[in-house]
Amino acid sequence: DQQVKQNSPSLSVQEGRISILNCDYTNSMFDYFLWYKKYPAEGPTFLISISSIKDKNEDGRFTVFLNKSAKHLSLHIVPSQPGDSAVYFCAARRFGNEKLTFGTGTRLTIIP
Amino acid sequence: AAGVIQSPRHLIKEKRETATLKCYPIPRHDTVYWYQQGPGQDPQFLISFYEKMQSDKGSIPDRFSAQQFSDYHSELNMSSLELGDSALYFCASSSPGGVAGSSYNEQFFGPGTRLTVL
Numbered sequence: 001d002q003q004v005k006q007n008s009p010s011l012s013v014q015e016g017r018i019s020i021l022n023c024d025y026t027n028s029m030f031d032y033f034l035w036y037k038k039y040p041a042e043g044p045t046f047l048i049s050i051s052s053i054k055d056k057n058e059d060g061r062f063t064v065f066l067n068k069s070a071k072h073l074s075l076h077i078v079p080s081q082p083g084d085s086a087v088y089f090c091a092a093r094r095f096g097n098e099k100l101t102f103g104t105g106t107r108l109t110i111i112p
Numbered sequence: 001a002a003g004v005i006q007s008p009r010h011l012i013k014e015k016r017e018t019a020t021l022k023c024y025p026i027p028r029h030d031t032v033y034w035y036q037q038g039p040g041q042d043p044q045f046l047i048s049f050y051e052k053m054q055s056d057k058g059s060i061p062d063r064f065s066a067q068q069f070s071d072y073h074s075e076l077n078m079s080s081l082e083l084g085d086s087a088l089y090f091c092a093s094s095s096p097g098g099v100a101g102s103s104y105n106e107q108f109f110g111p112g113t114r115l116t117v118l
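As you go down the protein sequences, you meet chains E and U in turn.
Quick note on numbering: this note's numbering labels position 102 of the first sequence as 102, and the sequence is numbered without any gaps.
Quick note on numbering: this note's numbering labels position 85 of the second sequence as 85, and the sequence is numbered without any gaps.
A portion of the hints provided could be inaccurate.
[Claimed, not checked] Covered by chain E, according to a simulated footprint, are these stretches of chain U (three or more residues, beta-carbon under 8 Å):
#1 50–58
#2 86–94
#3 107–114
[Unchecked claim] DSS-like, lysine-lysine: derived pairs with alpha carbons at most 30 Å apart:
#4 E:Lys71 x E:Lys56
#5 E:Lys38 x U:Lys57
#6 U:Lys13 x E:Lys99
#7 E:Lys99 x U:Lys52
#8 E:Lys38 x U:Lys13
#9 U:Lys57 x E:Lys5
#10 E:Lys99 x U:Lys57
#11 U:Lys57 x E:Lys68
Honestly, the hints are just simulated from the structure, not real lab data.
All residues carry an ideal CB built from backbone N, CA and C; glycine is no exception.
Given the sequences, and given the hints that come with them, work out the whole structure.
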């Protein structure tokens, strides 16, 4: 039972344009969401997070939007840079529970 | 800045053998998490420890056990290895203080141990 889903396994975006990565979840008990970036041979690196009491969180080029009613979140990267090429994982957690539930990841490729 | 250290980085074992994976958290981090990522799959939570006590348990087989030691490092012991245990095993750690302005403790991941069972 995949509680966190990333329906696009891959995405290619031109350098300088906006990259939009999507994530859907099914468990309404999730109240905190995170995006991790992963390069080959490295562990996931925390990028940005959002609490369920917010609908937007911004950090530099990265913005995460949360639509609770649709159980959907998205990560916007603008402008996209070649170094952004990586696999991006969406993750979620429940209040009072430390473990993360991950999505299957989206491989983002930025085309120079 | 110091990161999470995992050893070994690569491990090759035969079926029915045992394996021990080690994780050294970021200094002053008191919570350790173990995740398993199979080929083409998302990381799956196995088990976590807080102050040397098991704090949560996920889809960890009975053949696996883990513990956290007094210096906060953790070891994942895997016995009677099966072909399906071949995966990337990540360890993550978090601090008691968490991120400023947040009640949640962010998890910082190590580079992983790639286990191959032949």
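Consistency of the hints with the structure:
Coverage of the stretch 50–58 of chain U by chain E holds in this model, with 4 residues showing a Cβ closer than 8 Å to a Cβ of that chain against a need of three. Against chain E, the stretch 86–94 of chain U contributes 3 residues with a C-beta closer than 8 Å to a partner C-beta. That satisfies the three-residue criterion, and the hint holds. Chain E is given as covering the stretch 107–114 of chain U, and this holds because 6 residues of the stretch bring a CB closer than 8 Å to a CB of that chain, at least three being needed. Straight-line distance between C-alpha atoms of lysine 71 (chain E) and lysine 56 (chain E) comes to about 14 Å, which keeps the hinted pair within the 30 Å bound.
With a C-alpha separation of about 24 Å, the suggested pair lysine 38 (chain E) and lysine 57 (chain U) falls inside the 30 Å cut-off, and the hint holds. For the hint linking lysine 13 (chain U) to lysine 99 (chain E), the alpha-carbon distance of about 28 Å falls within 30 Å, and the restraint holds. Restraint check: the Cα-Cα separation between lysine 99 (chain E) and lysine 52 (chain U) comes to about 16 Å, which is no more than 30 Å; the hinted pair holds. Restraint check for lysine 38 (chain E) and lysine 13 (chain U): the C-alpha separation of about 26 Å stays at or below 30 Å, so the hint holds.
The straight-line distance between the Cα atoms of lysine 57 (chain U) and lysine 5 (chain E) is roughly 22 Å, inside the 30 Å bound, and the hint therefore holds. With a C-alpha separation of about 9 Å, the suggested pairing of lysine 99 (chain E) with lysine 57 (chain U) holds against the 30 Å cut-off. A C-alpha spacing of about 27 Å is found between lysine 57 (chain U) and lysine 68 (chain E), which places the hinted pair at or below 30 Å, so the restraint holds.
Figure legend: structure checked against the earlier numbered hints; every hint is met.
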